[in-house]
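Please put together the full structure from these sequences, using the hints given.
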Amino acid sequence: MLNDQGWLLSLALFFPLIGAAAIVAMPSGAEQAIKRAGVLFSGITLALTVAVMVGFDYAAAGELQFETTVTWIEAIGARYHLGIDGISLPLFALTSLLTFLCAIYTTKIIPKPGKPKAFLALMMLLQVGMAGTFLAFDLVLFFVFWEVVLVPMYFMIGMWGGPRREYASVKFFLYTLFGSVFMLVAFLSIYFVATDAGIANPWDIVELSEAAGIGSYTFQTLAFLGIFLGFAIKVPVWPFHTWLPDAHTEAPTVGSVLLAGVLLKMGTYGFIRIALPILPEGALRFAPLIGVLGVIGIIYGSLACLAQTDVKRLIAFSSVGHMGFVMLGISAMNTTGIQAALYGNIAHAVVTGMLFFLAGSLHERYHTREISEIGGGMLVKMPRYGALLVFVSMASLGLPGLAGFWGEFTALWAARSPAPALAANYSGLYLGLVIFGAIGTVLTAGYFLWLIQRVGLGTPSERWADEPLSDVMTVEWVSWLPLLALILIMGIFPVIIFGVQDPAVTNLVSFFGG
Amino acid sequence: MAIDFGAIAPELVLTATAILVLMVDLVLTDQAKQLANPLSAIGALVALGFTLPLWGDERSTFGGSFVVNDYAVVFKVVFLVSLLAILGISWRYFAESRFFQGEYYFLLLVSFLGMLIMPSARDLLLLFIALETVSLPGFVMAGLRKRDLYSSEAAIKFFLIGVLSVALMLFGISMMYGFTGTTSLSGIAQALGQWGASPPPLLLASLLLIIVGFGFKISAVPFHFWAPDTYAGSPIPVAAMLAVASKTAGFAGLIAVTFIAFEPFAGVWAPALGVLAILTMTLGNLVAMQQRDMVRLLAWSSVAQAGYMLIPFGLAVTGNAEVNEAAVQATIFYIAAYAIPNIGAFGVVVAINRRTGYRSIEDFAGLGGRHPFMAVAMTTFLLSLGGAPPTVGLWAKFAIVQAGAESGTVLAYVLLFFLIVNSVIAFYYYLKVVWVMWMREGREGMAPVTPGVNLSLVTAALVFGTVLLFVLPGLIADTTVSTDLVAGL
Numbered sequence: 001m002l003n004d005q006g007w008l009l010s011l012a013l014f015f016p017l018i019g020a021a022a023i024v025a026m027p028s029g030a031e032q033a034i035k036r037a038g039v040l041f042s043g044i045t046l047a048l049t050v051a052v053m054v055g056f057d058y059a060a061a062g063e064l065q066f067e068t069t070v071t072w073i074e075a076i077g078a079r080y081h082l083g084i085d086g087i088s089l090p091l092f093a094l095t096s097l098l099t100f101l102c103a104i105y106t107t108k109i110i111p112k113p114g115k116p117k118a119f120l121a122l123m124m125l126l127q128v129g130m131a132g133t134f135l136a137f138d139l140v141l142f143f144v145f146w147e148v149v150l151v152p153m154y155f156m157i158g159m160w161g162g163p164r165r166e167y168a169s170v171k172f173f174l175y176t177l178f179g180s181v182f183m184l185v186a187f188l189s190i191y192f193v194a195t196d197a198g199i200a201n202p203w204d205i206v207e208l209s210e211a212a213g214i215g216s217y218t219f220q221t222l223a224f225l226g227i228f229l230g231f232a233i234k235v236p237v238w239p240f241h242t243w244l245p246d247a248h249t250e251a252p253t254v255g256s257v258l259l260a261g262v263l264l265k266m267g268t269y270g271f272i273r274i275a276l277p278i279l280p281e282g283a284l285r286f287a288p289l290i291g292v293l294g295v296i297g298i299i300y301g302s303l304a305c306l307a308q309t310d311v312k313r314l315i316a317f318s319s320v321g322h323m324g325f326v327m328l329g330i331s332a333m334n335t336t337g338i339q340a341a342l343y344g345n346i347a348h349a350v351v352t353g354m355l356f357f358l359a360g361s362l363h364e365r366y367h368t369r370e371i372s373e374i375g376g377g378m379l380v381k382m383p384r385y386g387a388l389l390v391f392v393s394m395a396s397l398g399l400p401g402l403a404g405f406w407g408e409f410t411a412l413w414a415a416r417s418p419a420p421a422l423a424a425n426y427s428g429l430y431l432g433l434v435i436f437g438a439i440g441t442v443l444t445a446g447y448f449l450w451l452i453q454r455v456g457l458g459t460p461s462e463r464w465a466d467e468p469l470s471d472v473m474t475v476e477w478v479s480w481l482p483l484l485a486l487i488l489i490m491g492i493f494p495v496i497i498f499g500v501q502d503p504a505v506t507n508l509v510s511f512f513g514g
Numbered sequence: 001m002a003i004d005f006g007a008i009a010p011e012l013v014l015t016a017t018a019i020l021v022l023m024v025d026l027v028l029t030d031q032a033k034q035l036a037n038p039l040s041a042i043g044a045l046v047a048l049g050f051t052l053p054l055w056g057d058e059r060s061t062f063g064g065s066f067v068v069n070d071y072a073v074v075f076k077v078v079f080l081v082s083l084l085a086i087l088g089i090s091w092r093y094f095a096e097s098r099f100f101q102g103e104y105y106f107l108l109l110v111s112f113l114g115m116l117i118m119p120s121a122r123d124l125l126l127l128f129i130a131l132e133t134v135s136l137p138g139f140v141m142a143g144l145r146k147r148d149l150y151s152s153e154a155a156i157k158f159f160l161i162g163v164l165s166v167a168l169m170l171f172g173i174s175m176m177y178g179f180t181g182t183t184s185l186s187g188i189a190q191a192l193g194q195w196g197a198s199p200p201p202l203l204l205a206s207l208l209l210i211i212v213g214f215g216f217k218i219s220a221v222p223f224h225f226w227a228p229d230t231y232a233g234s235p236i237p238v239a240a241m242l243a244v245a246s247k248t249a250g251f252a253g254l255i256a257v258t259f260i261a262f263e264p265f266a267g268v269w270a271p272a273l274g275v276l277a278i279l280t281m282t283l284g285n286l287v288a289m290q291q292r293d294m295v296r297l298l299a300w301s302s303v304a305q306a307g308y309m310l311i312p313f314g315l316a317v318t319g320n321a322e323v324n325e326a327a328v329q330a331t332i333f334y335i336a337a338y339a340i341p342n343i344g345a346f347g348v349v350v351a352i353n354r355r356t357g358y359r360s361i362e363d364f365a366g367l368g369g370r371h372p373f374m375a376v377a378m379t380t381f382l383l384s385l386g387g388a389p390p391t392v393g394l395w396a397k398f399a400i401v402q403a404g405a406e407s408g409t410v411l412a413y414v415l416l417f418f419l420i421v422n423s424v425i426a427f428y429y430y431l432k433v434v435w436v437m438w439m440r441e442g443r444e445g446m447a448p449v450t451p452g453v454n455l456s457l458v459t460a461a462l463v464f465g466t467v468l469l470f471v472l473p474g475l476i477a478d479t480t481v482s483t484d485l486v487a488g489l
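Chains as they are written, first to last, in our numbering: chain A, 1 to 514; chain B, 1 to 489.
Just so you know, these hints were derived from the structure itself, not from any lab.
Note that the structure is predicted; figures quoted are calculated from it, not measured.
Errors might be hidden in some of the hints.
Claimed, not checked - Now the in silico label distances, taken between C-beta atoms and shown as ranges: (1) B:447 to A:114: 21 to 31 Å; (2) B:452 to A:32: 32 to 42 Å; (3) A:384 to B:358: 47 to 57 Å; (4) A:74 to B:464: 18 to 28 Å; (5) A:368 to B:444: 24 to 34 Å; (6) A:114 to B:468: 23 to 33 Å.
As the list claims (entries may be wrong) - List time: in silico BS3-like cross-link candidates among lysine-lysine, alpha-carbon distance up to 25 Å: (7) B:432 to A:115; (8) B:397 to A:171; (9) B:432 to A:171; (10) A:112 to B:432; (11) A:115 to A:171; (12) B:33 to B:146; (13) B:397 to B:432.
Claimed, not checked - Negatives, chain A to chain B, calculated, CB over 10 Å: (14) 8; (15) 22; (16) 32; (17) 288; (18) 313; (19) 424; (20) 461; (21) 464; (22) 470.
We put the CB at the ideal spot given by N, CA and C, even for glycine.
Structure (structure tokens):
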């Protein structure tokens, strides 16, 4: 077996819990020490993650490594099955990196009402749930990690959020819960059908995938519908996206970064890891619908962005559009499409995570996020900050050479020639999807350029002309630089992500015969 | 006929403790009266000590009407642990208000004696006696705060509706005896099996009348009218007892009656109970959303919880042992998982209520700042009642969905759909309380929260249990899955 140090992966996964416990045990008066402890513990987690990345055998990225399999709940045959492959690795690394950067950011900038102790402890609990989702290879374990994320995020939005935080946090919680219980029903149906089909461990994602489709066509369709609801709400796919703009707008900066950077990715990851390989026939039936909803999301998200007056809400709606591209990639059901979706996932996490950092800092300085109140002249007033905003916006609108480009371009490319079974019946539809998707990229460019024109260019308005607004601070540089570097590196060398994923994706696609 | 004293040892211990407590109360005076509490707790522990060795046994005594098997033992353990927890939250509450302590503990123990008999009873008459032994002390305990009008109202309502439903049940039992010539559950099952496809309507009526008697005990809609007023008016520990232990006893009896005696007619009662499940959870949750009083909120939420527990009953199929076993196991798991956070939630209400009289949801404002431990505990309990991690409630919901998916019928998926919708509604009001505790500032000059050592320990133990069973649900699931209800016949 490859890399049999499964303990290392478990340690990297659960170390944040130790950190959270240690932080809770500290006296709440020692705020500076608590903030430093937050950086320390998330830093150690990141170091452990790096150790996993170093030990990872990239030549065999298609196989599960650092595997642990222990019986967990005997009554239902659920196992603690943890592992990592080329699809999980980038997402796991991203989770640890973003949490670490958020911890650094929190040392200087923490939203009202303060309380760094509770804030950091919740963030680390959140981290365990997020990372666990990407590493679990047992449906029950996956479901548990999936649900663990709800509570800390609810509190993060609820306690440190904006004025409408009660509405936003409850909406987030109830909406996600609604979808996840449907998902649970589908999981349990899969379990019983798989037991009848004679699969030894009917919860095991690997074994279920290798069975290459269990149950009747009707069963696959219905089970896919249940899973679809759970994942589509999380992604979010239009028309299930309505919780997202509220949650993003009201969440504190760190909450938004993690929400956009990791939480949304759990949905697309679930589609790729669970829904497609385990229910291939159901997936083929739903693929055109997923593609259509994805493209509607792209167009709708862009049009909604054009109508926004709040910078943060604009970025939130841009997420709906970007995730539309990811869903379009998935709907192609071929190797290129899955690659595009996973790449788009990471790129969106880095770029939009960074945009939310910028939006948060904008609010710290101007105390408003209304575009009209900020007025123009940011490039004059805060040249470095303005330049960063331009740079990241360019990445987000898909400028070639930066991270955002590859996911979108490849998704359109993949949808042009979808899986054979789809191409036979729906080639016209997919051509239409590509055309509308391409129009979406133009609209995306439109609203970002318009945003830059309104807040970046021109001269500062009278209200801000004499205000002493500080440019990018040291703590911001430290927490932002890794993301800025990634945007550039991923744009120039997309192979660093594509290459890691490739064997795993090829492996995965072979299960649904793309 | 020799009596198997080992099999009834837990019941005997509880009886002896009850009598002892009543007598000791006569001797003790004033402050010393509160010693009835630890005395009862010791009795419960000894009874627990006699119960655990029975695990794995198949015993039967009193001509087969009293059976001890794993099914019964699991319930007895749940009852005795609930008794210990309720004693824990009762101590201060009754010691400080200084009313009828000896009588209260005596009645409580007698009520639990009835509960211990319930899962072992395999005869309609013994079931009836057990049900009455649970209920009658309950009527008195609900009215213990004699000078409080609400408490008297609680007792009267409870009594009248209780007596009415018991009368209906007895009527049903007498007709059932007329049709089958026996009161033993397995005998009834045999006799009913001979009626085949076309039973006389009166037989079905008597069957439903017996179920109604239990429907009252578990406060299923439309037999729930007494529950909210009774919970709200009773002393809070009594409300916890009624909402958790007494309801569990009702389910223990209902499972035995439906899945053993009436199994041949599952086609009649399963859809009926399925509809009751939908009505119970939906009405319970919708009304709970409107509540401002914390005890009332918990009362209505416990009505809704009974609805979830009824879902597996709707799945039963005559002759399909696999589905029926799964249904029984799901209910048992849910009951066991539900007892811990629900007693805990009542415990926190007692802690807030102590010395202050606070009980509305508004009184919980700012609890996160005033008493973080109690706020964390209450949050954990509410999340568990709703079924979110990191709590055992997640697995409780999991068990119900599992039974539904195993059955796989259209009715099963309809029931699961209502479960999903209801768990969203339920979270709406649980989160409202969480919101008030953490995100709202308390009023100026609120009295401090002083739960006392005893209550804090019980609460901490229940929080620990709730989280531990989330990580290792196998601790309950691996045992409930091996319980075989029908084996001991």
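So, going through the hints one by one against the coordinates:
1. Taking 21 to 31 Å as the suggested C-beta distance range, the pair residue 447 (chain B) and residue 114 (chain A) conforms, at roughly 26 Å.
2. One distance hint, 32 to 42 Å for the beta-carbon pair residue 452 (chain B) and residue 32 (chain A), holds here, with the actual separation near 36 Å.
3. At about 54 Å, the beta-carbon gap between residue 384 (chain A) and residue 358 (chain B) stays in the expected band of 47 to 57 Å.
4. Judged by the Cβ atoms, the range 18 to 28 Å given for residue 74 (chain A) and residue 464 (chain B) holds: they are separated by roughly 22 Å.
5. Residue 368 (chain A) and residue 444 (chain B) have their C-beta atoms about 32 Å apart, which keeps the hinted 24 to 34 Å range intact.
6. Look at residue 114 (chain A) against residue 468 (chain B): about 32 Å separates their beta carbons, and that is inside 23 to 33 Å.
7. Between residue 432 (chain B) and residue 115 (chain A) the alpha-carbon distance is near 21 Å, which keeps this suggested pair within the 25 Å criterion.
8. Between the alpha carbons of residue 397 (chain B) and residue 171 (chain A) the distance comes to roughly 21 Å, so the proposed pair stays at or under 25 Å and holds.
9. Between the alpha carbons of residue 432 (chain B) and residue 171 (chain A) the distance comes to roughly 12 Å, so the proposed pair stays at or under 25 Å and holds.
10. Straight-line distance between C-alpha atoms of residue 112 (chain A) and residue 432 (chain B) comes to about 21 Å, which keeps the hinted pair within the 25 Å bound.
11. Note on residue 115 (chain A) and residue 171 (chain A): the hinted pairing holds, with a Cα-Cα distance of about 24 Å set against a maximum of 25 Å.
12. The hinted pair formed by residue 33 (chain B) and residue 146 (chain B) meets the criterion: a straight-line CA distance of about 19 Å does not exceed 25 Å.
13. At most 25 Å may separate the alpha-carbon atoms for a hinted pair to count; residue 397 (chain B) and residue 432 (chain B) meet this at roughly 21 Å.
14. Listed as outside the interface, residue 8 (chain A) is consistent with that label: its C-beta sits roughly 21 Å from the nearest C-beta of chain B, beyond the 10 Å cut-off.
15. Against the 10 Å criterion, residue 22 (chain A) stays outside the reach of chain B, whose nearest CB is about 17 Å from its own CB.
16. Here residue 32 (chain A) stays apart from chain B, with its beta-carbon at least about 21 Å from theirs, past the 10 Å limit.
17. Non-interface call for residue 288 (chain A) relative to chain B: holds, since the shortest CB-CB distance, roughly 26 Å, exceeds 10 Å.
18. Every beta carbon of chain B lies more than 10 Å from that of residue 313 (chain A), the smallest distance being close to 22 Å; the non-interface claim holds.
19. At roughly 33 Å, the least C-beta separation between residue 424 (chain A) and chain B is larger than 10 Å, which holds for a residue marked as non-interface.
20. Its beta-carbon lying about 35 Å from the closest one in chain B, residue 461 (chain A) satisfies the requirement of being farther than 10 Å from that chain.
21. Residue-level check passed: residue 464 (chain A) sits 33 Å from the nearest beta carbon of chain B, beyond 10 Å.
22. With 10 Å as the threshold on Cβ separation, the claim that residue 470 (chain A) sits away from chain B holds: the shortest Cβ distance comes to roughly 31 Å.
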